[in-house]
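Peer 1: The residues making up each chain are set out below.
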Amino acid sequence: MDGTVALPAAARQTSRPPAGRAWLLPAVVAAVYVFLLAPIAIVVLAAFNSGDYLRFPPEGFSLRWFVKAAQHQPFVRAFEYSLRLAVLATLASTVLGTMAALFVVRYARRARDLLRLLLVAPLQFPAILTGIALLIFFYATGLGTRGMRALLVGHTLVALPYVFLTVSTVLVGFDRSLEEAARSLGAGPLVTFWRITLPLIKGGLISGALFAFITSFDQFPISLLLISVGNTTLPIQLFDYLRFSFDPAAAAVSTVSIVLSVVIVVLIERLVGLESIYWGGPR
Amino acid sequence: MARAATTVLPPLRRPARRRDGWNGLLMAPTLLFLLAFFVVPYANMVYMSVLYKPPDGPYLRVFTLDNYAQALGDLFYWRILANTFWYALLTTAVTLVLGYPVAYYIARAPTRRRGWLLMLLISPLLVGVVVRSFGWMIILGRVGLINTFVRWLGGPELPLMYNVFGIIVGLVHVYLPFMALSIAGALQNIPPDLERAARSLGASPWVTFRRITWPLSLPGVFAGTLLVYVLAVSSYVIPILLGGNNVLVMPIIIVQKLLDAFNWPLGSALSMVLFGLTALGVWAYVKLMNRVLRWTAP
Chain A
724 MDGTVALPAA ARQTSRPPAG RAWLLPAVVA AVYVFLLAPI AIVVLAAFNS GDYLRFPPEG
784 FSLRWFVKAA QHQPFVRAFE YSLRLAVLAT LASTVLGTMA ALFVVRYARR ARDLLRLLLV
844 APLQFPAILT GIALLIFFYA TGLGTRGMRA LLVGHTLVAL PYVFLTVSTV LVGFDRSLEE
904 AARSLGAGPL VTFWRITLPL IKGGLISGAL FAFITSFDQF PISLLLISVG NTTLPIQLFD
964 YLRFSFDPAA AAVSTVSIVL SVVIVVLIER LVGLESIYWG GPR
Chain B
387 MARAATTVLP PLRRPARRRD GWNGLLMAPT LLFLLAFFVV PYANMVYMSV LYKPPDGPYL
447 RVFTLDNYAQ ALGDLFYWRI LANTFWYALL TTAVTLVLGY PVAYYIARAP TRRRGWLLML
507 LISPLLVGVV VRSFGWMIIL GRVGLINTFV RWLGGPELPL MYNVFGIIVG LVHVYLPFMA
567 LSIAGALQNI PPDLERAARS LGASPWVTFR RITWPLSLPG VFAGTLLVYV LAVSSYVIPI
627 LLGGNNVLVM PIIIVQKLLD AFNWPLGSAL SMVLFGLTAL GVWAYVKLMN RVLRWTAP
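Taken in order, these protein sequences are the chains called A and B.
Its first residue numbered 724, the first sequence is counted upward by one per residue in my numbering.
Its first residue numbered 387, the second sequence is counted upward by one per residue in my numbering.
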């Protein structure tokens, strides 16, 4: 008895880290976060800089680079094109991904693991190789990459796994007795889906759609291979611009895209919590 | 007679049977989509890699192993491959060293702070890779932040970009969150009581880490290193933007062969070689880590 009473005091003494090194871990972590966020913060700062060159510290506050970017036709066209493409890819991948998730989680039996592997594979295969494979495929079949069709296919392909993963996550903890109650009260399968299932999986569905949207909007390797002449997406346009000029108009365009990402992060965090999605990771 | 049977039976039997029959329709569109635009294109690429490349067209449907002979027989490609794998290894090592403390801190943080830390860790992932590379260009460029500062101090101009250093910085930046997330997942599964028990039994913080925390976090470390390595091997954008044309990696060469030289068979063969060698490395690594995990398991 005496021993057990004495232990806690000793334990408390030893479990406190030596005062000299307690700051080390937080300091390292803070440094890594600075490293992670610095390039993004710098782009935003550069966009509001009034000087002709990206210099630091900024010379003054100005919106002139946003005005210049908005007047630069290629940027505006690319922005509109990316937006249209991302909306379509989001719609397609959300519908396909949700249906697949419903089937895999509920009905697939022997094929479940195989289907899951296949559905997540576009995330695990290098995007640049997927782009190459699609490019060769579209030419070999004579479909070509003119118009938005090839891009839409490529973007839907890489966005699909996110929707599948987020909707599956919600479906696993789903109480099916609610649906059975609706059916036994006379609701048809479509009404049941619309009134019961959909509201319950809304969180996973919307965050999957948001992931899909940003994946498409920021997509680079696949777009690089599948764009057609005259139709450029925003990341490709930015890439081309950066190869020849270095002025803060590019930073202004980047800032718009960063703001979009931040909005989406906040929305996902509000809806389901970012923690639920260790996306791209081993699962 | 038949009518009597049908009027009695349906309410009992039909729902179950009908549901089973139509369920497949849920999967059909997605499955068709994936087969048509993922499985078939990749299969087609394998097929393309054994086709003959005539001087005046993209390919002929004639079987040949010439492309592989060309890909494997040229020292140039081997050097590029070695570079590619070396940069990926470096990236993996650096992300591990930087990601582990972050993961540990996140896993042990109070819930509220953990939410913030995760949000700040994941948000860079959602910013496009071109934008992030642009940020690094502003920081590392010849007239960039660091160099202006060094020059102000009277120092020499530092070559920070358009070389291997720039690429590694960019790659680490892109893949660090993946590593930290993988490790944090494993660390969260370790009950903090284990560490407290070790400490109360007199183990120093270092010994506690080496004997308790590290071995138990190994699954996360293995998952993270594997993921980062595979992603880094196939990265294209960062090496192009931050390496200029001074550093070549395999994906750059492959895209060149396909888009500039229009040599689809050779490009496909080179893709297969990159793929195969990466898979081989992954296979060896998985074998090794299974052995280590069996060793460290109590």
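In short, the hints are calculated from the structure, not lab data.
Please note: incorrect hints may appear among the correct ones.
[Stated by the list, open to error] Here are a few chain B residues that face chain A, going by a calculated C-beta distance under 8 Å:
#1 L412
#2 Y491
#3 N533
#4 P601
#5 L602
#6 A647
#7 N649
[Claimed, not checked] Here are some chain A residues the structure puts well away from chain B; computed CB gaps all over 10 Å:
#8 G783
#9 F784
#10 S785
#11 F789
#12 R800
#13 L811
#14 R829
#15 A850
#16 T892
#17 V895
#18 F897
#19 V914
#20 D941
#21 T955
#22 F962
#23 I981
[Unchecked claim] Restraint-style ranges between C-beta atoms, simulated for each label pair:
#24 A647(B) to R966(A): 41 to 49 Å
#25 R465(B) to D836(A): 17 to 25 Å
#26 K791(A) to F551(B): 31 to 39 Å
Cβ coordinates follow ideal geometry from the N, Cα and C atoms, glycine included.
Peer 1: State for each hint whether it applies.
Peer 2: Each hint, compared with the structure:
1. L412: holds (4 Å)
2. Y491: holds (4 Å)
3. N533: At about 11 Å, which exceeds the 8 Å cut-off, the nearest Cβ of chain A leaves the hint on N533(B) violated.
4. P601: Nearest chain A Cβ about 19 Å off; hint violated.
5. L602: Violated: closest Cβ of chain A sits about 17 Å from L602(B), beyond 8 Å.
6. A647: At about 13 Å, which exceeds the 8 Å cut-off, the nearest Cβ of chain A leaves the hint on A647(B) violated.
7. N649: Given a least distance of 11 Å, the restraint on N649(B) is violated.
8. G783: Holds, because the least Cβ-Cβ distance between G783(A) and chain B comes to about 17 Å, which exceeds 10 Å.
9. F784: Nearest chain B Cβ is 17 Å from F784(A), so the label holds.
10. S785: The claim stands: S785(A) keeps its Cβ more than 10 Å from every Cβ of chain B (closest is about 17 Å).
11. F789: holds (15 Å)
12. R800: Per Cβ check, R800(A) is outside 10 Å of chain B; nearest 17 Å; holds.
13. L811: holds (14 Å)
14. R829: Non-interface label fails for R829(A): nearest chain B Cβ at 8 Å, not farther than 10 Å.
15. A850: violated (8 Å)
16. T892: Nearest chain B Cβ is 14 Å from T892(A), so the label holds.
17. V895: holds (16 Å)
18. F897: holds (15 Å)
19. V914: holds (14 Å)
20. D941: Violated, because the least Cβ-Cβ distance between D941(A) and chain B comes to about 3 Å, which does not exceed 10 Å.
21. T955: T955(A) clear of chain B: closest Cβ-Cβ about 12 Å, beyond 10 Å.
22. F962: Violated: least Cβ distance 5 Å, not greater than 10 Å.
23. I981: I981(A) not clear of chain B: closest Cβ-Cβ about 6 Å, inside 10 Å.
24. A647(B) to R966(A): 41 to 49 Å: At roughly 20 Å between Cβ atoms, R966(A) and A647(B) fall outside 41 to 49 Å, so the hint is violated.
25. R465(B) to D836(A): 17 to 25 Å: violated (40 Å)
26. K791(A) to F551(B): 31 to 39 Å: holds (32 Å)
The structure fails to meet hints 3, 4, 5, 6, 7, 14, 15, 20, 22, 23, 24, 25 from the earlier list, while all remaining hints are met.
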